[in-house]
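J.: Given only the sequences and the hints, what does the whole structure look like? Please build it.
Each protein sequence line maps, in turn, to chains V and Y.
Take any residue in the first sequence, note its place counting from 1, add 1, and you have its number in the working numbering.
Take any residue in the second sequence, note its place counting from 1, add 3, and you have its number in the working numbering.
Just so you know, the hints here were simulated from the structure itself, not pulled from any lab data.
Note that beta-carbon positions come from the ideal geometry of N, C-alpha and C, so glycine has one too.
Do not rely on the hints blindly, as some may be mistaken.
Claimed, not checked - Pairs of lysine-lysine residues, derived as DSSO-like cross-links and limited to a Cα-Cα distance of at most 30 Å, are as follows:
#: 1; chain 1: Y; residue 1: Lys85; chain 2: V; residue 2: Lys350
#: 2; chain 1: V; residue 1: Lys101; chain 2: Y; residue 2: Lys85
#: 3; chain 1: V; residue 1: Lys101; chain 2: V; residue 2: Lys535
#: 4; chain 1: Y; residue 1: Lys208; chain 2: V; residue 2: Lys30
#: 5; chain 1: Y; residue 1: Lys124; chain 2: V; residue 2: Lys101
#: 6; chain 1: Y; residue 1: Lys196; chain 2: V; residue 2: Lys101
#: 7; chain 1: Y; residue 1: Lys85; chain 2: V; residue 2: Lys308
As the list claims (entries may be wrong) - A short list of chain Y residues far from chain V (calculated; beta carbon distances all over 12 Å):
#: 8; residue: Thr5
#: 9; residue: Asp24
#: 10; residue: Asn47
#: 11; residue: Ser53
#: 12; residue: Glu84
#: 13; residue: Pro91
#: 14; residue: Glu92
#: 15; residue: Ala126
#: 16; residue: Ile142
#: 17; residue: Ile143
#: 18; residue: Glu162
#: 19; residue: Ile168
#: 20; residue: Asp170
#: 21; residue: Thr176
#: 22; residue: Leu212
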Amino acid sequence: MYAFCVQYIYDWRYRMEQRIERILPKVQKPARYTGGEYGEIMKNKDEVDVRFALCFPDTYEIGMSNLGLRILYGVLNNMDGVWCERVFEPWRDMAEEMRKEGIPLYALESGDPVKDFDIIGFSVGYEMSYLGILDMLDLAGLPLRSADRKELTPLVFAGGTCMYNPEPIADFIDLAVIGEGEEADAEITELYRKAKKEGWSKPQFLNEAAKIQGIYVPSLYQHEYNEDGTIKSITPKGDAPAVVTKRIIENLDESYFPTNTIVPSTEIVHDRTVLELFRGCVRGCRFCQAGYVYRPIRRKKCDTLVKQGIEALKNSGYEEISLSSLSTSDYKELTGLCDGLLEWCEPRKVSLSLPSLRADNFSMELMKKVQKVRKSGLTFAPEAGSQRMRDVINKNVTEEDILNSCRTAFEGGWSTVKLYFMMGLPTETDEDIIAIADLAFKVLNTWKKYATNKARGVKITVSTSCFVPKPMSPFQWEAQDSMEEFLRKQQLLKDSMRSKAISYSWHDSTVSFIEAVLALGDRRLAPVLESVFKRSGGLAAWEEFFSEDAWNEAFEENGVDPHFYANREKGRDEILPWSTISAGVKTEHLWEERERSRRAEITPDCRNQCANCGARKLSKEGRCDD
Amino acid sequence: MTKCRIRFEKTGRAKYISHLDLMRTFQHAFIRSGIKIKHTEGFNPHPYISMALPLQLGCESVCEVLDIQIEDDMSQRTLPEKLNPWLPEGIRAISAALPINKVGLLKYVRCSVTMVYDDGKAAERKAAIEELFARESLIIMKKTKRGMGELDLAPNVSEVSVEVISDTELKVTALVSAVEPTVNPSNLLDAVKQNAPELEPDFAKYMRLEVYDGNMKPFM
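T.: Dropping the structure here:
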C-alpha cells in the first residue's frame, strides 16, 4: 500500500538507533519517538529531491491528534519527489537526554537529523507553542533567527491559525503561510525545488516566494515605531505586497482528505477518526477568531462525508468517529449525515460523537442518534451568563434555548452537563458574572424538574476561561482584563454559586495574559521569546513547564512592557502588527461589529442575512454557504 | 466461534510499544483486516484479545502468544497472512492454531540479554559472567507488589550460556521461570549489577526466544 523500503528501516535501526536506543529506556512513553506506526509513509531517499520536515511544536500525542497536520502530510507525500516526515517536540526528559548525548532532533520516519532537511515547516495553532518552535530549532542544532541562517537550505516556515499575526515569531521564520496550506505549501515546495536546482540565494528565493498569494515574508517588511511604542509605519520591500491575503481551498469535496492515515501505536489525545464537515462558521461570535478567519463557509457534501468517513474507519480500524467543525449543528444535512454514517457504524459497534453542538438547536432526534451506540457527557458553551453579555458577543443564544436544550438532555437520560463561559469580555460588569451562577442554578432546577432518572444524581460543571482578544476578530482592539481583575471575578463567581451539585473550575489568568501578549504582540517580542526559552525551555503550553517568573524576567530584561500589548485598548486608526495581513474580512466590518457590540446589538447569522463582511470575494465565484 | 492462538514477534522499533498499547494496536489491526473476532460484553464492547505473558517494555520477542476467538468460519492456519499486512512495522504473526493447552500451563521462558561494553573488551568478561551464573545462590533485590523483595535467581535460572558476539557484545542466554516467580530478562542484568558491579555493561538489549510448558514443550 505504501512505498516501503526495507533498507531504510535497517538504516534507521543501525545508524540512529545505536544512539537513540540507549536513551529510550530512560524516558517516558518511548513509542512517541520511534516512528514505525501503521500507515507511516516511507520513501527511497534516492528517489526524492525535496525532504520536508513537518514539525509540530508540541508533543506527539497532541500533534498526531491534529487533522491539519495529517492533511498536509498526505498532500506533500502525494507530490512526486517529495518525502514529508513528521517531527514533534520531545517531552522534557527526552530533550534532556538528547542534548546530553548530542543527538540532534530527528524525523520519525527516517531518523535523519532535521537540520539536513530541505524544508522545515511548523504547524502553529496555539500561541503558547511559540517556545516549542525555538526548542525544536535549538534541538535540531539550527540558529534560531532567520537572519543567522544564511543559506537557502533549510528553509524554515510556519503556517496555522496563529499566523494571522506571525509578528512575535517574525524573526525566527523565513516565511509564513497565511490561511489554508494544502495548495500554498505545495507551491512553496515547488518553488524551493526550482530554487535549489538553479542555485538561488535565500534572499532571491524569499523575494520570489513573496509573490505567491498567501505568503508573508517578514524580513521584507520594515516596521517603524512612534515614541509611544505604537507602530508608525510598515513598509514592504522588494516584490512584497502591501497586504498578504490568506489562501482558501474553494472546493472541499475535491480537495485531499486523509482517509488512509497513520494509526499511532501509542495512545494520543484524539484517538479516533475525525471527519471535517465544513470550514468557516455562519455565526459571527465577536470574540471568536476562528469564526472570522476561516470565512467564507465551505461545506462538504453529505455523500462525500459518508464515503470518506466509512473509508477512514475501514482503513484505520478505529471504533469511534468524530464530526469536526466550528459549529456542527449548523451543518445543513446533519441528520442525513448521521443516518448515513450510523447505518455503517452501528452493526460494527463504531460510535459517533458530535462535539461543537450549539445550545439553540440541539434536538431530541439528534441526541437519540448519537446515543445509539454510546453515550457521553454533554457540553454547552453559552460563553456568557447574562443576555446582555451574550448580545455583546453576538452569541445569539437565549437563556430559553439553553434551558430547553438542557431539558431535552435531562429528559433523554443525560445527567452530566458541562457549561463553558468566558470572563473579562468587553463591557462586563459584576452582574454579568453573577448571572453565570444564576444560569447554572437554573440548569440545576431544570434537571430537578425534568430528569427522568434522578437516582443517578446530577453533575453540572461550570468552567470559565479568561477572554483573550484575538487578531482579525471584532474584539482585536480590546484590552484584556488585568490578572487582579480576573482573580477578583473568579472569586466573585465562586462565592455566587448556589449549590454543591455545581462545581466550578477556572483557567489560570497568568497563562491567558501571556497568550494575549503573544496573540497581540509584534516583532519586538523576539528577544523576549529567546530569553524565556533560555530560562524555562519549551512545552510552555504545559502547566508543569510554564514559568511565570521566566516571562516576567524576560520582559524586564528586554525592556518590554507586556501590558502595552495585552491590557491597552487600541485606537481605530492604530496600525496593528497584523495590518499587513488580511483574512478576507474587511477591517471596516470588524470595526462595525465592535461598535454594535458596544450597543449590545446582535448581528443575524450569515444564513439569515449576509453581513457583507467581504470574505466571499476570496472565492472566485463569490460563493459562500451555498 | 473458533478459538485461535497466534504466535507473533515484536522486534525492532515495535519493542517500545507498551503492553496496553499493543492490545489496542491488535484491536485496530483486526478491524482493518476484516477478520471478525469476539467482542467483550458490556457498555463499551471492543475486540477481545488475551495475551499470555506481558512483555517488558523495550524487550524484543519472537515467541509471543495471543488468544482470540474468530467469529467467521476460517482456518487458523491462514490467519497470519490475512493479519500481517495490517500490523505496524516489527509486529508479525508467525503462526496460528487451535490452542492445545491452557495459558496457565506456560512455565518457562528462554531469553537472552546482550550486554554491550564500549571498551571493546567483552570477551575478557566471559569467564566471570559464567562464574556468576554458576553460583549456588544468586540473590537480587526486585520490585514486588509489596515493595522491594529478595529473589534467588539460582533455582529459577538454568541452561545459562555466554557467547561472545563481537568485541563489544556478550550474549547471555538462559531458561528462566515464567511464573511464580516471574523472572524477566532484565533480572539477569540485575544479577550482574548487584552481585558483580564491575561487570556491568554500558548498555543491554533483551530478547524473548521461546516459551515452554512444564514439560519443556514449546507452548502452542
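J.: Hint by hint, which ones does the structure fall short of?
T.: Hints 2, 9, 10, 13, 14 contradicted; others consistent.
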